[in-house]
Amino acid sequence: MHFFLFLLGIPFLFILLVPILYKLFNPRVHIGWFVLAAPVILFVHLFRFLPEVRSGSVPVFTVPWIPSLGMNLTATVDGLSLLFGLLITGMGALVILYSVYYMSKTRDALHNFYVYLLLFMGAMLGVVFSDHLLVLYVFWELTSIASFLLIAFWYERKTSRAGALKALLITVSGGFSMLAGFIILGMISGTASIREIIAQAGELRGDPLFVPAMVLILIGAFAKSAQFPFSIWLPDAMEAPTPISAYLHSATMVKAGLYLVARLTPVFGGTALWFWLVSGAGIVTLLYGSITAVKQADLKALLAYSTVSQLGLIMSLLGIGSLAWLYENEALASAFAVAMFAGIFHLFNHSVFKGSLFMTVGIIDHETGTRDIRRLGGLINVMPVTFTVALIGAFSMAGLPPFGGFLSKEMFFEGTLKTSAVADFGLDAFGAVFPAFALAASVFTFVYCMIFVFKTFAGKYRPETFKRKIHEAPPGMLIPALLLAAVTVLVFFFPDVPAEWILRPAALAAVPASVGRFGEISAWHGFSPPLLMTAGVVLAGVLLYRTLEKWSPLYRHYPQKFTLNAIYVWMLEQYESLSRTLTDRYMTGSARHYLMYIFFFFILGVGGFLLASGGLGADLANDAPIGLFDAVVVVSIILAALTAAMTNNRITAIVALSVAGYMVVILFVIFRAPDLALTQMVVETVTTVLFLLCFYHLPQLEKRMEKPKFKLTNFLTAAGVGLVVTLFTLAAFDHKLFKPITAFFENSYELAGAKNIVNAIIVDFRGFDTLLEISVLTAAGLGVYTLVRLGMKRRDADETE
Amino acid sequence: MKPNDVILHMAAKIAVIIIFTFAIYLFMSGHHHPGGGFIGGLTFSSGIVLLYLAFDIESIRKNLPVDFKKVAAFGIILSILTGAYAMLSGEPFLTQTFGKVDLPIFGETELASAVLFDTGVALAVIGTAVNIILSISEDQKSWKR
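As you go down the protein sequences, you meet chains C and S in turn.
For the first sequence, the positions run 23 to 823 when our numbering is used.
For the second sequence, the positions run 199 to 343 when our numbering is used.
Treat the hints as calculated values from the structure; they're not laboratory data.
We put the CB at the ideal spot given by N, CA and C, even for glycine.
Certain hints may be false.
Said to hold, decoys possible - These stretches of chain S come out as covered by chain C in the derived footprint (C-beta under 8 Å, 3 or more residues):
| hint | segment |
| --- | --- |
| 1 | 231 to 238 |
| 2 | 250 to 264 |
| 3 | 274 to 281 |
What the hints assert, rightly or not - In silico DSS-like pairs for lysine-lysine, Cα to Cα no more than 25 Å straight-line:
| hint | chain 1 | residue 1 | chain 2 | residue 2 |
| --- | --- | --- | --- | --- |
| 4 | S | Lys268 | C | Lys45 |
| 5 | C | Lys815 | S | Lys267 |
| 6 | C | Lys477 | C | Lys489 |
| 7 | C | Lys761 | C | Lys777 |
| 8 | S | Lys268 | C | Lys815 |
| 9 | C | Lys317 | C | Lys583 |
| 10 | C | Lys127 | C | Lys45 |
| 11 | C | Lys477 | C | Lys572 |
| 12 | C | Lys572 | C | Lys317 |
| 13 | C | Lys180 | C | Lys317 |
| 14 | C | Lys583 | C | Lys482 |
| 15 | S | Lys260 | C | Lys815 |
Extracted from the complex, chain S is given alone in its bound form:
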């Protein structure tokens, strides 16, 4: 990895925006079209990995001060909580509901509790993927030293 590659930096900056947008699109469209939490999360993390590859780990850590282990844990907790929420109304664990709501700008929109669950999946995937890649590449740094 070259720390001062201008072309790589520029390309990465633009590509990352596209990748992130695409990842969010994939995530949101999952309900009716190809996509979903897993694939969206994975695409998102590939974008983050690209950032890490293009720039060095320290500067990314400064600009993106997120502990990805916690992201993964938060994702699982979110998924469990959305599942447990159904139990409050007497339904079995992980029962998902959906309904149509009339929102002011979007018009008639379908809202599904599955989306929340899917968010948890996406976060867990992002957290884990980045976490694994980071720890291996960090090890590599110490290896060089």
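Same shape as in the complex, but just chain C:
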């Protein structure tokens, strides 16, 4: 196995260690310190790829996983993957450091927490480095599961469980749709490797299945990245511990959808539908998220909606950037390629500043015990450092200088302006939507950023409203937040460093190879339209913030019936009642019905297949003559079976059944199959004992069972099964479709060193069958055990009532 792939497996290796470490060290040492090693090792290692990737080469590592399905674990390290890899491991390291101070050694189940966290980290790395669509899908769903477990981490709260369920339902349903899209894409391109699909992108355009594949994949990406109308799961996901919100639900996992869109832009980009879906969903989400964020009273809910909104911003930039694939004209193509670059740039900025903002909220929550804006205020007096971080993060989000967010926001404005200026895809009519929406959304973004900072930190400090004495957070919580804040500032002054080393190579994965270097990033480019737009945003924003009390009651006029959440709840209820009625139809609780299903399916499926494929037939020429012995035994078997079916006494039925079984033993003896005879005999003995034990539970044979209709159904089922089995056996001897395997049996001594071929088959030639058989056997045994135990418990409960 290649070393790099081994490294990607490090989070999974650490999962195995966590329970041991927890047992050994908790509560003496916080096990987060040990877990911290995993992302740090990975980050350092990924960092060393930077020069190689910058020069444009794409290292590929392959190891076979399921060779028979052509599934390989192929990791490609290009700019886009590397950017995500660094974000996942870098943010991961900071968040784990933060969590060491945030999570309690005594109150929280730390071993669960870090197992889930590492599971997520490993899965997310798998998503961004996989080249195989289906491998990517597996890791994709694994991130959803990890997210589910982490949201429900404090599972004793009802809201946590509901939020986790919602997130799982929405992202996994989206994932199913994406899987369908992946399969279609694999079918029309003939390969599941993303690199190979991109290489033949042009030929796929004409395929009738091209559009369904695109739409299905986009649904998955939108659900994951909380785009409108799938966005409702993200605010509820805020029930997770705050380090998780910072990590999964703002910096990494919700960006998986953006990753997928950027990754597949070379395949789908340049088509009208892709452009409108991606940038349309993005720009609507941007506006929806920012407007909704303003009315939130919970700091985390505010940040959640702001994340939704910012994800929409990046999504719309990716959509605008996809226009670069449309134009042959180099100037136009590179102009839109800049938008793609801006998307990647903002993705990076957002991860950094949103991570720091979540950390400040975590600090506030941790220290004051509340996240309610209405109760907070004046915290600047006690938490000056936290205030600084929050200020930097929020101003960067609002797009103000001198912070990183300003640069990418300006580029966003420029992108929307350019979009409104071209004439394709109906943009000459609707293009103005983009700058208008962008402007409106930015005003609201500015307002909620101000709310976030000033409602919490400014104003009058009222220590009497809090239960405990409030002080600044411990350094361990401040250091990660300060680091992120420092990056935010540094990016503004030295944007070319990250741009040159990682952001340009990342954006190159999503634009045509012909476009240049995405121009220069500059903080000052004269009194250009974007700068004027920013000035307008600040003016309008300040005005709106000042008059917040006057217009915010307007929100209450929106009818509750039409919120997305109400629709979600309604759909869930409908779905539940529908499936309940459907399931009640066939899950009657009667074993007789279930057996009927099985037998009828057997008769229809096997018998029907036999008829339909024309496989019926019998070749009796080579059969041995029937001797007197055989005839006597067979007749007694038939008699015993009839007795078992006809008798009115259960004991008689059981004995008759055993007679039939022992007669079969004699048949085996006659045909010289000692192994089978022995086995059958012991099985028969043990079964009889079992039957006698069960006999205790069975009621007397009822009158109901003697009704002709009841008997007729039984007779027909039995006759049908018997007929199908007989026909099938005859047909099996009639056809010689496959190479006979007698050679194995004849040479069993040379091949397996065994003179008993039956045993050689069981343990050697068909060893896999045996292994699965004993597994099934044991599972069935455990099933019986559980059912009996459950029944006993229920009876006990009934008795005590």
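Go by the hints and put chain S onto chain C.
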């Protein structure tokens, strides 16, 4: 079931020894003669069931303190491990080997990795069979109560 049946107790004690011996013989001879892990395991468990039938469950549990669910699980793990061992030497999963070894007392003896695999099969069968019969008969006890 009568808890104090002297003849049944005596007969069971002797019969169980014979059954166990026969079960082990069946298991060991499987490679070249009729027998093997499945049949051996099943015979063995029929012996255990006889014990449970002759004596009451509690006293057997005291003298045979084995959790048969774990026996079954151990059997499967053993089978998987013997199969996985082949992968260490680059062979496909479940490749069995055999060879002749000169042992001090037994002389030239054939040893096959299949025997280990078969042991797993036998344990899984014993565990499951006894487990099922035990849980059903235990249920019966609570039923009476």
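Hints and how they fare:
1. 231 to 238: holds (count 7)
2. 250 to 264: Violated - the segment 250 to 264 of chain S has 1 residues with a Cβ nearer than 8 Å to chain C, which falls short of three.
3. 274 to 281: holds (count 4)
4. S:Lys268 with C:Lys45: 24 Å, holds
5. C:Lys815 with S:Lys267: 19 Å, holds
6. C:Lys477 with C:Lys489: Within the cut-off at roughly 20 Å; holds.
7. C:Lys761 with C:Lys777: The hint holds at about 23 Å.
8. S:Lys268 with C:Lys815: 22 Å, holds
9. C:Lys317 with C:Lys583: 18 Å, holds
10. C:Lys127 with C:Lys45: 12 Å, holds
11. C:Lys477 with C:Lys572: 16 Å, holds
12. C:Lys572 with C:Lys317: 13 Å, holds
13. C:Lys180 with C:Lys317: Holds - the C-alpha atoms of C:Lys317 and C:Lys180 are around 24 Å apart, at most 25 Å.
14. C:Lys583 with C:Lys482: 38 Å, violated
15. S:Lys260 with C:Lys815: 24 Å, holds
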